[in-house]
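Protein chains in written order, with our numbering: chain L, 448 to 896; chain E, 448 to 896.
Just to be clear, a hint being listed does not mean it is correct.
One copy or two, it doesn't matter: identical chains are merged, so the pair holds either way.
[As the list claims (entries may be wrong)] Computed cross-link-like contacts, SDA-like style, restricted to lysine to any residue with a CA-CA straight-line distance of at most 25 Å: (1) K591 to L456; (2) K793 to D543; (3) K459 to T449; (4) K591 to I636; (5) K602 to L729; (6) K459 to E519; (7) K567 to E700; (8) K602 to L734; (9) K602 to K642; (10) K561 to I827; (11) K624 to M472; (12) K495 to R665; (13) K604 to D640; (14) K567 to L790; (15) K531 to F737; (16) K623 to Y479; (17) K567 to G830; (18) K567 to V756.
Hint data in this document are derived by calculation from the structure and do not stem from the laboratory.
Number of protein chains: 2
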Amino acid sequence: MTEDQLLVLMIKYLKDSKRGALQQMLDELHPYDVAQLYRSLPDKHHHKFLTFLTPDQIADLIQELDSDMQIEILHRLGIERSSKVMNLMDNDDLADLLNELSVERIQEFLDAMKDDESEKVQSLMGYDPETAGGLMTNQFIWIKEDYTVRQAVDKLKDYASFSENIYYLYVINEEKKLVGVVSYRDLLIAHIDDKIKDIMFNRVVSVPVDMDQEEVARTIERYDFIAIPVVDQQNTLLGIITVDDVIDVVIREANEDIEKLSASGKDIDFQTKALTASARRLPWLVLLLFIGLVSGSIISNFEETLEQVVALIFFMPMIAGMTGNTGTQSLAVVVRGIVTQNLDRKTIIHLVFRELRVGILIGLTCGVLIFVIGTIWINITLGFVVGVSLLLTLITGTLAGTIIPLFLYRMGVDPAVASGPLITTLNDIFSLMIYFGIATAFLTQLQGL
Amino acid sequence: MTEDQLLVLMIKYLKDSKRGALQQMLDELHPYDVAQLYRSLPDKHHHKFLTFLTPDQIADLIQELDSDMQIEILHRLGIERSSKVMNLMDNDDLADLLNELSVERIQEFLDAMKDDESEKVQSLMGYDPETAGGLMTNQFIWIKEDYTVRQAVDKLKDYASFSENIYYLYVINEEKKLVGVVSYRDLLIAHIDDKIKDIMFNRVVSVPVDMDQEEVARTIERYDFIAIPVVDQQNTLLGIITVDDVIDVVIREANEDIEKLSASGKDIDFQTKALTASARRLPWLVLLLFIGLVSGSIISNFEETLEQVVALIFFMPMIAGMTGNTGTQSLAVVVRGIVTQNLDRKTIIHLVFRELRVGILIGLTCGVLIFVIGTIWINITLGFVVGVSLLLTLITGTLAGTIIPLFLYRMGVDPAVASGPLITTLNDIFSLMIYFGIATAFLTQLQGL
Numbered sequence: 448m449t450e451d452q453l454l455v456l457m458i459k460y461l462k463d464s465k466r467g468a469l470q471q472m473l474d475e476l477h478p479y480d481v482a483q484l485y486r487s488l489p490d491k492h493h494h495k496f497l498t499f500l501t502p503d504q505i506a507d508l509i510q511e512l513d514s515d516m517q518i519e520i521l522h523r524l525g526i527e528r529s530s531k532v533m534n535l536m537d538n539d540d541l542a543d544l545l546n547e548l549s550v551e552r553i554q555e556f557l558d559a560m561k562d563d564e565s566e567k568v569q570s571l572m573g574y575d576p577e578t579a580g581g582l583m584t585n586q587f588i589w590i591k592e593d594y595t596v597r598q599a600v601d602k603l604k605d606y607a608s609f610s611e612n613i614y615y616l617y618v619i620n621e622e623k624k625l626v627g628v629v630s631y632r633d634l635l636i637a638h639i640d641d642k643i644k645d646i647m648f649n650r651v652v653s654v655p656v657d658m659d660q661e662e663v664a665r666t667i668e669r670y671d672f673i674a675i676p677v678v679d680q681q682n683t684l685l686g687i688i689t690v691d692d693v694i695d696v697v698i699r700e701a702n703e704d705i706e707k708l709s710a711s712g713k714d715i716d717f718q719t720k721a722l723t724a725s726a727r728r729l730p731w732l733v734l735l736l737f738i739g740l741v742s743g744s745i746i747s748n749f750e751e752t753l754e755q756v757v758a759l760i761f762f763m764p765m766i767a768g769m770t771g772n773t774g775t776q777s778l779a780v781v782v783r784g785i786v787t788q789n790l791d792r793k794t795i796i797h798l799v800f801r802e803l804r805v806g807i808l809i810g811l812t813c814g815v816l817i818f819v820i821g822t823i824w825i826n827i828t829l830g831f832v833v834g835v836s837l838l839l840t841l842i843t844g845t846l847a848g849t850i851i852p853l854f855l856y857r858m859g860v861d862p863a864v865a866s867g868p869l870i871t872t873l874n875d876i877f878s879l880m881i882y883f884g885i886a887t888a889f890l891t892q893l894q895g896l
Numbered sequence: 448m449t450e451d452q453l454l455v456l457m458i459k460y461l462k463d464s465k466r467g468a469l470q471q472m473l474d475e476l477h478p479y480d481v482a483q484l485y486r487s488l489p490d491k492h493h494h495k496f497l498t499f500l501t502p503d504q505i506a507d508l509i510q511e512l513d514s515d516m517q518i519e520i521l522h523r524l525g526i527e528r529s530s531k532v533m534n535l536m537d538n539d540d541l542a543d544l545l546n547e548l549s550v551e552r553i554q555e556f557l558d559a560m561k562d563d564e565s566e567k568v569q570s571l572m573g574y575d576p577e578t579a580g581g582l583m584t585n586q587f588i589w590i591k592e593d594y595t596v597r598q599a600v601d602k603l604k605d606y607a608s609f610s611e612n613i614y615y616l617y618v619i620n621e622e623k624k625l626v627g628v629v630s631y632r633d634l635l636i637a638h639i640d641d642k643i644k645d646i647m648f649n650r651v652v653s654v655p656v657d658m659d660q661e662e663v664a665r666t667i668e669r670y671d672f673i674a675i676p677v678v679d680q681q682n683t684l685l686g687i688i689t690v691d692d693v694i695d696v697v698i699r700e701a702n703e704d705i706e707k708l709s710a711s712g713k714d715i716d717f718q719t720k721a722l723t724a725s726a727r728r729l730p731w732l733v734l735l736l737f738i739g740l741v742s743g744s745i746i747s748n749f750e751e752t753l754e755q756v757v758a759l760i761f762f763m764p765m766i767a768g769m770t771g772n773t774g775t776q777s778l779a780v781v782v783r784g785i786v787t788q789n790l791d792r793k794t795i796i797h798l799v800f801r802e803l804r805v806g807i808l809i810g811l812t813c814g815v816l817i818f819v820i821g822t823i824w825i826n827i828t829l830g831f832v833v834g835v836s837l838l839l840t841l842i843t844g845t846l847a848g849t850i851i852p853l854f855l856y857r858m859g860v861d862p863a864v865a866s867g868p869l870i871t872t873l874n875d876i877f878s879l880m881i882y883f884g885i886a887t888a889f890l891t892q893l894q895g896l
């Protein structure tokens with residue numbers, strides 16, 4: 448059945464109040480699919496649909512929706528039913544959801560929840576959302592090293608409700624320190640009376656609770672893990688991070704890089720309202736407008752040169768544009784390189800010299816090309832001035848696109864804020880100064896035009 | 448121990464030929480860590496190190512290295528030992544590795560391998576690397592629906608060597624069609640005599656073998672799976688794709704988007720040689736150089752206007768730059784939106800009108816701002832000309848940054864090739880035509896300067 452057919456059937460069941468048939472249909476669907484149906488379902492059916500679901504099903508559904516729809520559902524459910532659903536949600540998702548609400552609402556919900564669940568969620572809400580602590584869930588299963596396989600499996604059965612998305616069990620010692628890990632597969636192929644400490648893997652890779660989420664993602668990606676334990680400074684196990692959260696981080700970070708590189712403002716997607724999108728884009732544009740005027744004031748300083756050799760203007764957009772383009776290219780290499788590489792002193796020096804050579808090679812090629820074009824179009828003197836200028840501006844532009852983001856990175860600033868438009872606008876200024884500087888030096892020869 | 452301490456110890460063991468001690472050290476390390484050590488190990492020790500490893504360990508190590516180092520290891524090992532290692536490697540990694548070699552070398556290695564392994568690898572090499580077939584491994588464990596849990600676990604034990612990175616078992620019927628899935632957790636909490644068909648989940652989400660890898664990544668990400676089965680048109684199970692490969696795809700695709708958006712050329716990282724990097728960047732730059740000259744020829748058409756009102760030039764870089772910037776912003780929204788959204792007619796129309804409104808809002812704000820600045824700096828007529836021009840060019844630029852990539856996408860071309868620099872350069876041309884067009888219309892008034 449296609450999604451449309453499912454939707455039609457679902458509306459029919461709702462209208463006829465066939466709860467059993469609806470339940471049977473939902474049983475065969477993944478939470479993601481149920482959420483897709485819920486989004487397509489007309490508003491007027493939402494309330495009835497929610498009354499037909501068990502708290503468990505609502506918990507699954509709510510985790511797939513974005514925060515606006517989550518909050519809408521909580522309002523429809525009322526405090527009492529909401530708190531039942533919240534008891535069943537993954538703690539990390541719940542903490543994110545609560546963080547969207549007002550302080551009074553948060554307190555209201557937390558009070559209605561079970562004490563131990565409420566405490567667990569509150570402890571998660573204290574972590575910076577961009578760190579390991581903000582990503583982790585504290586619903587996980589730990590076992591002791593002196594357990595047998597049988598005891599471990601029994602514990603797993605007791606906690607079956609939240610073991611679904613877990614694939615490793617973490618082992619702790621008497622002092623609650625993390626000492627090992629066993630996978631479900633290890634348990635399956637071991638003998639039922641084997642001791643956990645004999646089958647576990649001792650060298651557990653873990654991440655500290657304050658590690659940046661990008662670093663967490665990199666660690667999981669490098670080791671091909673599907674989960675990683677989070678520990679405090681004393682190596683006490685605090686929670687786990689699963690790979691599905693990491694994929695979300697990777698996508699979000701890539702989007703953020705692109706947003707910054709294009710100075711397009713945070714979180715603009717196809718649904719964002721025009722007014723909101725404009726408000727997010729304008730600060731950058733206004734800044735760039737003022738920097739753009741600096742280019743204008745540079746030109747006004749060379750007014751005399753320009754009035755005498757108007758043909759100089761013909762090459763101005765090309766020179767400024769090319770300098771910006773090569774800068775953007777270098778910037779992209781640096782910004783994405785940082786995602787996968789460690790930036791030590793040696794790497795930086797190597798990279799800057801590589802880009803210097805790239806700038807010279809690109810500059811020579813384009814410089815000779817434009818010398819020929821300029822000579823044919825206007826005359827050999829102008830061809831020479833434009834060619835030499837392009838050689839120098841391309842070297843400058845390439846280095847600026849490399850050194851500015853590297854410098855920002857070393858200063859602890861995200862280098863992607865040295866966005867394409869910013870580098871482009873700065874390179875406009877550099878290139879105009881070089882171009883008109885050289886042209887003014889050759890003014891007497893150029894006037895022979 | 449830090450990596451440096453491990454490395455020093457490792458070199459000591461190699462010099463003293465202490466194979467046992469080295470083995471003990473490696474036992475406690477993850478393949479990724481071993482690969483890191485191998486990369487830092489001076490070249491002269493590589494040969495001895497490899498002779499100290501078992502084929503199993505080399506297979507783990509080789510999967511963590513990039514293709515240059517993989518091929519180097521194969522050369523050092525020679526055909527016979529290489530083929531042993533290849534028999535132990537994951538088939539999808541091996542197929543990727545072999546695809547890097549010459550046809551004769553491939554044949555040589557395949558001949559030396561076990562027949563069934565060789566066949567499996569060859570069948571993988573036939574798929575387009577950017578599709579589900581190119582991502583999947585055909586080393587996986589299937590079980591039949593009439594198995595008991597005990598039989599399933601026994602099969603798992605028999606194939607323990609490659610069940611390590613697998614977390615679900617896929618269930619097939621008599622005709623080898625995919626009919627269900629059970630997780631290791633399901634097996635652990637079930638009774639040993641339960642029938643698989645009673646505990647399995649029937650509605651398996653699978654992907655067709657020719658599905659694009661980006662689509663595969665999106666599916667796994669949406670459902671929070673850690674593996675997904677790959678089937679042919681008859682629903683016969685062909686292989687599985689695991690989440691670690693999907694993370695690599697997500698990172699690679701994001702990098703490709705950024706490469707294209709910045710027109711920076713394919714596969715340039717910190718290690719790329721300057722000559723190679725220049726060669727990859729130049730084609731775009733030369734193209735943009737010629738487009739940039741078009742701007743120049745437009746200006747030359749307005750030479751007369753310019754000679755009479757030189758002050759017009761002061762605002763030229765700002766207007767061209769701003770038009771490019773807003774275009775880049777819109778482009779970024781479109782390119783990343785495509786990653787997560789389906790582009791139907793309705794979405795496209797909605798988006799274009801949204802961006803039109805954004806263009807107008809941005810245009811009005813910046814237009815009024817520059818009118819005030821222009822009036823103060825030069826005079827009210829020029830302020831008016833520049834303000835109106837900026838309003839119109841910002842609307843044009845915003846729409847160009849939206850419509851061009853959408854059009855390319857509908858034509859089946861990757862919209863990211865409408866790179867930032869290309870949009871910027873095209874917007875240069877649009878903006879100059881608008882600006883000088885308006886200025887020429889107001890020439891008489893402007894000459895009152």
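Now for the hints, and whether the structure bears them out:
In the homo-oligomer, the alpha carbons of K591 and L456 never lie at most 25 Å apart, since the shortest distance is 49 Å inside one protomer and 33 Å across protomers. Taking the closest pair of Cα atoms, K793 and D543 never come within 25 Å of each other, the shortest separation being 40 Å inside a single copy and 31 Å across copies. Taking CA atoms no more than 25 Å apart as the test, K459 paired with T449 passes inside one copy only; the shortest distance there is 16 Å, against 64 Å between copies. When the C-alpha separation of K591 and I636 is checked against a cutoff of 25 Å, the pair qualifies both within a copy, at 19 Å, and between copies, at 19 Å.
Proximity of K602 to L729 under the C-alpha cut-off of 25 Å is found in neither arrangement, the shortest distances being 56 Å within a copy and 62 Å between copies. Within a single copy, K459 and E519 get their C-alpha atoms as close as 23 Å, which meets the 25 Å cut-off; across copies the closest is 64 Å, which misses it. In this assembly of identical chains, the alpha carbons of K567 and E700 never lie at most 25 Å apart, being 27 Å within a copy and 37 Å across copies at closest. Neither within a single protomer nor between protomers do K602 and L734 lie at most 25 Å apart by alpha-carbon distance, with minima of 59 Å and 65 Å respectively.
For the homomeric pair K602 and K642, the shortest alpha-carbon distances inside one copy (15 Å) and between copies (23 Å) are both at most 25 Å. With identical chains, the CA atoms of K561 and I827 are never at most 25 Å apart, being 84 Å at best within one copy and 69 Å at best between copies. Within a single copy, K624 and M472 get their C-alpha atoms only as close as 45 Å, which misses the 25 Å cut-off; across copies the closest is 23 Å, which meets it. Taking the shortest Cα distances, K495 and R665 never come within 25 Å of each other, neither inside one copy (44 Å) nor across copies (31 Å).
Proximity of K604 and D640 under a CA criterion of 25 Å is satisfied in both settings, with 17 Å inside one chain copy and 17 Å between copies. Taking CA atoms no more than 25 Å apart as the test, K567 paired with L790 passes in neither setting, with 38 Å inside one copy and 41 Å between copies. Proximity of K531 to F737 under the C-alpha cut-off of 25 Å is found in neither arrangement, the shortest distances being 55 Å within a copy and 65 Å between copies. Proximity of K623 and Y479 under a CA criterion of 25 Å is satisfied in neither setting, with 36 Å inside one chain copy and 28 Å between copies.
With identical chains, the CA atoms of K567 and G830 are never at most 25 Å apart, being 72 Å at best within one copy and 61 Å at best between copies. In this assembly of identical chains, the alpha carbons of K567 and V756 never lie at most 25 Å apart, being 74 Å within a copy and 71 Å across copies at closest.
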